[in-house]
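Trainee: All chains should be modelled from the sequences, with the hints used to inform the complete structure.
Protein chains in written order, with the numbering used here: chain A, 1 to 250; chain B, 1001 to 1464.
Please keep in mind that the hints were generated in silico from the structure rather than gathered at the bench. Watch out, some of these pointers could steer you wrong.
Unchecked claim - Some chain B residues near chain A, calculated using beta-carbon distances under 7 angstroms:
1. E1152
2. D1368
3. S1370
4. W1371
5. W1373
6. D1374
7. D1396
8. A1398
9. K1402
10. Y1403
What the hints assert, rightly or not - Derived CB-CB ranges, DEER-like:
11. B:E1271 to A:A129: 51 to 57 angstroms
12. A:E35 to B:D1259: 27 to 33 angstroms
13. A:D108 to B:A1425: 54 to 60 angstroms
14. B:T1432 to A:K130: 42 to 48 angstroms
15. B:P1166 to A:A79: 51 to 57 angstroms
16. B:E1221 to A:K30: 29 to 35 angstroms
17. A:G86 to B:A1417: 55 to 61 angstroms
18. A:E40 to B:D1259: 38 to 44 angstroms
19. B:G1049 to A:R105: 52 to 58 angstroms
All C-beta atoms, glycine included, are put in the ideal place defined by N, C-alpha and C.
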Amino acid sequence: MKLRLAHLYPKLMNIYGDRGNIMCFERRCKAREIEFVLDELSIGDAFDPGAYDLVFIGGAQDAEQRRVVDDLRDVKGEALQEYVEGDGVLLAVCGGYQLMGAYYRSADGAELPGVGLLDLWTEHPGADAKRFIGNVVVEWAGETLVGFENHGGRTHLGPRARPLGGIVTGFGNNGEDGGEGAVYRNLYGTYLHGSLLPKNPRFADHLVALAQAKQDGDVRLAPLDDMVEEQAHAEALRLATRRSIIRRGR
Amino acid sequence: MRLTAAILAARAVAALSRGLRRGGGTALPGLIAERVDPGLVPTLAGRLGQGSALVTGTNGKTTTARLVRGICREAGLRPVANSEGSNMMRGVAAALAESARWDGSFPAREKRIGIFEVDEATMPLVARSVEPRAALFTNLFRDQLDRYGEVETVATLWRTAVRSFPSEVTLALNADDPAVASLSDVALGRVLLYGVDDETQAGGPLEHAADARWCYACGTELEYTVVFYGHLGHWRCPGCRRARPTPDVAVSALTTADDGMNVTLTTLAGEVSVHLPFVGLYNAYNAAAATALAVALGIDTKAIERGLSGATAAFGRQERLAVDGRSVQVILAKNPAGVNQVIRAITADGAPKHLAVFLNDDIADGRDISWIWDVDFEILSGSVASLVVSGRRAWDMALRLKYAGLGERPEVEHDAALALRRAIAATPEGGTLYVIPTYTAMLDVRNILGRWAGRGAFWEGDGR
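Mentor: Okay, structure coming up:
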């Protein structure tokens, strides 16, 4: 068994410890003796839709996002669409998630057209608007996802995308409709950035299993010793949902 | 009148807060002084006979400002300085209010110089109030993104501030950090650059924590002939031909020796050779930064040499305490680049290490803990003899360390005192325990260890 992962723009889209997600895929594959092959694709590199079982794109600062978007649309766009329509598994986080949509309108009103793989659009309501920053808990498929969000843009979903989950605490897509992230076929987008997968091992395994199922039909992943993972998950859940937090200032 | 009221109010609050032992009491007095007289900072700063200098940047502010103060004292000056952890406007206000007489005059006025450590984002505001003679920019790394948004935001703030400085202001800039060195393009006044020339200190390929890898002017990916750490090194832009400028103050040789290191600095005014009581290339950068700022202030190399030689570690920065027959070193963890340097420094000798790692997620630590995934903890794999993990996000840290290969189930103890006790017990007598806490955890750790070591709480021990 083999899992071939394409990491898109690892140098440019890596602002919030995104490599933790790659390390998680690698670790959980290797522990099951699934051969793990990692390709890093940057600007100018073609994307071969038949060559990968899993694709990851992380978050970035605005300046880097602007560098990436032309390449994403013009060089990789068509091939990525073929991959997604063929039920290829893709995880897009934070800035990468925004780029999957129709467009991103920044605080100064400039519009950045996205790759259009997800039926959604993102608008930054202006420099004075509140940034959505903090710990997040999401209800996902009867389980919880825990993480951290930090974004100014508000994302709205069209009819061809559904939210990844419902917000328990935090802001999510737009702070209004209670939705977090988006799913279309096997394309998953989320604002939960950085170290999302290591402490959400069930979500990580869900993606690995989806990627394997494309090759081998029904896949059962052997359980792993996730004691530390589950403790980190529980701790994040506890801290995020605690009502009154007594803080010590500086 | 108002000024006097502000000064007296600040002093009263400071005394009261020390009396109540409320953690150093550094923020409140300044806040109150500014409330009573919003003109306090510009007025008092204007009365300092030798003017002021600002120290800003992501890493190295505290140690560098401390080194500069030591140098100033050797040069016969009397520095007025804010204390670490209080590097916003209110910290500067508190320092000025506490050093002035009740009528707003300064004793030994002509020898007074303000050496202020300021937060990267607050720097423009403080500069407008203080009108410094010189400003030092150390480096720009990702740090507490939840607080500042983005690295690029801070870079833009700095460029705007530097553009507004009158031509009398001298800048001291890190030549090895492309984002900092590029500030010389917009400076009107004199610029002194510092950097590391000793290429034997090269740290290999760019780390995961590297930030400014693209030319700010033309957007091309930068090329490096030498990388020291993070994105610091000998860089050039293949697009617009900008390149690392030749430093005026350069670390020309660096060797570790006797619980510290020997550093040779080449300056326009001659060579400075010193022994420093701490290790790590980042501390050599701090010494070079302090030297550049001292040169900018017109201080001679003899005083610089004496000032650097008399340096001691700032609290929580490789400070050593003796507890139960063990040497305990507390090293503050601030951001990926800083922690990578700490790890490199302590693993340099290859011997197995005893560690206690503390991760909190208060505002001062950074609410977002995803930065721990950008730290190359993997370097520690195979050289850890004992490990205890603590802090409010202990399990997140334990998970990161598990991934780094430091054990399938690292020992977790949330209670700081218990965690330290266990870590000390796991360290053999005569051995060294390295404690690596984030900021608010360091305050706890330092107080607990201070008690055990029979020393006072940190605000009594931290000399200005």
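Trainee: Hints broken by the structure, by number, lowest first?
Mentor: Those not satisfied come down to hint 12.
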